[in-house]
Amino acid sequence: MPLSPDEVRNIAHLARLGISEGDIPRYADNLSRILDFVAQLDDADTSRVPPMAHPLDMSQRLREDLVSETSQRELYQKNAPQAEAGLYLVPKVIE
Amino acid sequence: MHNLTLAELSRELQARRFTSEELTHAYLQRIGRFNPQLNAFITVTQDEALAAARAADARIQRGDAGPLTGVPLAHKDIFCTAGVKTSCGSKMLDNFVSPYDATVVERLKSAGMVMLGKTNMDEFAMGSSNETSFYGPVKNPWDQKRVPGGSSGGSAAAVAARLSPAATGTDTGGSIRQPAALTGLTGIKPTYGRVSRYGMIAFASSLDQAGVLTATAEDAAMLLGVMSGFDPRDSTSVDQPVPDYTAELERPLKGLRIGLPKEFFDRGLNEQVGAAVHAALDVYKKLGAQVHDISLPNFWLSVPTYYVVAPAECSSNLSRYDGVRFGHRCENPVDLLDMYTRSRGEGFGAEVKRRIMTGTYVLSAGYYDAYYLKAQKTRSLIRQDFLQAFSQVDVIMGPSTPTPAFGLGEKTDDPITMYLNDIYANGVNLAGLPGISIPMGFVDNLPVGLQIIGNYFDEARLLCVAHSYQKETDWHRRMPPGFS
Amino acid sequence: MQWETVIGLEIHAQLLTKSKIFSGASTAFGAEPNTQACLVDLGYPGVLPVLNREAVRMAVKFGLAIGASIAPRSVFARKNYFYPDLPKGYQISQYELPVVSKGSVEIELQDGAGSRRIGVTRAHLEEDAGKSLHEDIEGVSGIDLNRAGTPLLEIVSEPDMRSAREAVAYMKKIHSLVRYLEICDGNMQEGSFRCDANVSVRPKGEQKFGTRAELKNINSFHFVEKAIIYEVQRQIALIESGGQVAQETRLYDSKRNETRPLRSKEEANDYRYFPDPDLLPLDISEPLINEVRRSLPELPDEKKQRFMQQYELSAYDASLLTSSRELADYYESVVRTIRGEAKLCANWVMGELSAALNQDGKDLNQSPVTAMMLAGLLKRMLDNTVSGKLAKEVFLAMWAGEGDADAIIAKRGLRQITDTAAIEKIIDEILAANPRQLSDYRAGKDKLFGFFVGQAMKATQGKANPQQVNELLKRKLTG
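Protein sequences, first through last, are from chains A, B and C.
So the first sequence is numbered by the working numbering: it starts at 1 and just counts up by one.
So the second sequence is numbered by the working numbering: it starts at 1 and just counts up by one.
So the third sequence is numbered by the working numbering: it starts at 1 and just counts up by one.
Because the hints were derived from the structure by calculation, they are not lab data.
Hints are supplied without guarantee of correctness; some may be wrong.
Said to hold, decoys possible - One-sided and incomplete, this derived list gives chain A residues near chain C with beta-carbon spacing under 8 Å:
{"id": "1", "residue": "GLU7"}
{"id": "2", "residue": "LEU14"}
{"id": "3", "residue": "ASP29"}
{"id": "4", "residue": "ALA53"}
{"id": "5", "residue": "VAL67"}
{"id": "6", "residue": "ARG73"}
{"id": "7", "residue": "GLY86"}
Claimed, not checked - Derived lysine to any residue pairs resembling SDA-like cross-links, with alpha carbons at most 20 Å apart:
{"id": "8", "chain 1": "C", "residue 1": "LYS79", "chain 2": "B", "residue 2": "ASP143"}
{"id": "9", "chain 1": "B", "residue 1": "LYS411", "chain 2": "B", "residue 2": "THR19"}
{"id": "10", "chain 1": "C", "residue 1": "LYS131", "chain 2": "B", "residue 2": "ASP335"}
{"id": "11", "chain 1": "B", "residue 1": "LYS145", "chain 2": "B", "residue 2": "GLN37"}
{"id": "12", "chain 1": "A", "residue 1": "LYS92", "chain 2": "C", "residue 2": "LYS79"}
Since we're looking at a predicted model, the values are computed, not measured.
We put the CB at the ideal spot given by N, CA and C, even for glycine.
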């Protein structure tokens, strides 16, 4: 099932990936082939098979409620593209 | 010195035949000499390495050294290393300096190991040829027109050319075993949960597992013993004692039941590679093992299942790269949406984008059941096959890859062909089982690997089975010409 | 046409854990920006979440308190969307298998119209997002991630409410419950207790639900009521003029008292939920549930029943007094000192005390008049040291910080005059000073009795015991 250019644009938007118009046909072709390839799964009978989210059959471990972290803001914000007064800065958020 | 295995280096260091500083210096020199042609390292941490080596020498002097103290190694650039650039092979993290150490890094560091640098890799570990790296492809030391495999291609090339005695790697769908096979190394991917994932940059969280690439199984045993074990910072880490892998190496193989899945020998497998597997099995038979024909009837589902599950998880895992707190941000964004799309559009390469988009698609409204839920069910089938097999045999053997190393640029245009290079590997990750690839000969003068798959937490047996073979053969001792 | 309103609420209650739901960073409110955002909260490459035990216990506590079922196995899922205050690009939440499901609470209807049961569809654990700050810096927003990763319990009701008042009553009930359970501080100013309302209208008698709008960000009981009232009117007016209600998210603007569509979320959401592979299924064992059950305090409904029986209070009074654990405790402290006067105590707690708290915008724990002080005052009223009228003056003086009741009575000389001879003397003087009124009264003008009482009280600055004044006057006048 080939993906249309619009579908590619829509997926790219959902994933917030900027893709140039010129690259859209190539992605449409690649993704269509990948989706065709994985569509083989339809041929497997899974009517009585439980879904498997995880390789291990374990349950979640719980942490004690203790504060173990101290502020390392300056260290962590060294990697920030833009920070000021302890805040990470981004283009204006409009609500 | 570089001709020695890690185990041998350890013994020599303990016997004080040379210092860690001398050893480290020797490897740094080899890196300086050979890395420009191989492109195996993204970052070389020369000063830190020499400082760590001197500290290790002091420990040895004081007599509080362990077997790994002073032994150099390289880390795949997917492991966070405090104060050192951690790029994950991506432009997105080209400027990223991790403020913390991954658990794996921390453990090897406290054992006294000396980090030489960070190795090249496919971008965010997505690739089987190391050609998706932002830092350019890595060359296979056995033939520099060929790929070293991926995604741990830099680690593989570095160890194969002995720019480092060992290197860490990660394996989401074959990323340790496949490059190990293509460069003539031993590469082990432990059971999911055996080694902490904390600080290992996530690709697909339910599949990712750290391991090592080494010259020998004995080397791997030494490293794995230190890397493994429970980590409270990783919810998927398993709280189970770690056996003494080195001590288990010499167990006799007599009576070992080897399963040979007929599906591994279908179309797609290079005949000479198939023949090499059978030759290796003859060695095992000689050692007293029995070979049983088995079947993994759902084997054909493993690659398509993998290419739903892994992209789905990666599409979400990579959402954090948004240009807000770390990583690449585009110049002068006009608004928020522009910041997101351009930062991510510029920061990620084509393969990563393909996978993010595939994953976004299979999780999106209207497609979830047909793709993602379906793949979770076929994943169950794949695991059931293995569980069934392990009720009859102790280990499963087969080829690590269908062919020896392919040419640079040969498969970059066709994602599916590239994906099929990991056909024997993907299922092992989906099931969460341990697997090891060891050198089993040469095809067209290129190394090929034997994959041994074990039951859950049966790494000791895998290493022992691999070690037994390496005592009978010398494939793992061969060095690429020009690097000896 | 007659319209029926249908309301469902989604309440987000921040859980009172010390550390975050998936990290060891502090949850304390009011720290400098990003000083309580650790690597996990920042979504740094390579970090992983580990679940806080206390958050799970609190969710179980809530589930037990509303008679819900506790899932033996629940699953954390990722809700994927991009927003600057959401560090990982996904929120860890629960989707298909929440920890708590199918409970209910009972709400009191206004004016003694009985009570109604409101269904709670589910309550699930999730992490809070950070905050975007829009002031201060031109053209940019600042992101503070201290709040990111704070544990939330999202409590989702059935669409069972039929008026804004019912919605408020339900919200107050949940508010009181989480505070009783000590799992949330309920502080709405600080955002520890937040509410979104799903509002729709349909013609009366219609079974099918109308299209709903989701009202976001309503941070007080008062605004919930106003926002819903506004939205219901908007929807009815829209439909009646031939329009259609759009399914959308709307923001309530309390300054203008109106709702308007949220711009940033206008596009169709596709959250791509899937099980979080970094977390394993959450298994909750019977022993854990039993342990939590044993730790449950007396809940509001139980307390209310007990107050009705033990103190013979009306349902309304009992309900008011048990609306918070602090108020109930306060009341019971007063009653314990003033035995046998439960109704009087209730009147004072709900009357003078509540009025004073309201007027000063204070919480009970900030009240200058402690339960012991109020009891001390009531004691003086009951032993006739001070009249009921002056007691109110004493109360206000205590509120103003002038000391306890005895000190104020002494200082201000408010002690009641109960000496018969003294009162007789005052009455005699009044009668002597008002001969005309006296003769009019004796000629049959009964109404003048009040005049004489007034004069007597005036002469004693209100301190004369009114009962004694009455009796003595009657005797003298008829005399």
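Structure-based check of all given hints:
| no. | hint | in the structure |
| --- | --- | --- |
| 1 | GLU7 | violated, 13 Å |
| 2 | LEU14 | holds, 6 Å |
| 3 | ASP29 | violated, 24 Å |
| 4 | ALA53 | holds, 4 Å |
| 5 | VAL67 | holds, 5 Å |
| 6 | ARG73 | holds, 5 Å |
| 7 | GLY86 | holds, 4 Å |
| 8 | LYS79/C - ASP143/B | violated, 46 Å |
| 9 | LYS411/B - THR19/B | violated, 44 Å |
| 10 | LYS131/C - ASP335/B | holds, 18 Å |
| 11 | LYS145/B - GLN37/B | holds, 11 Å |
| 12 | LYS92/A - LYS79/C | violated, 23 Å |
Hint compliance for this structure: hints 1, 3, 8, 9 and 12 are not met, and every other hint is.
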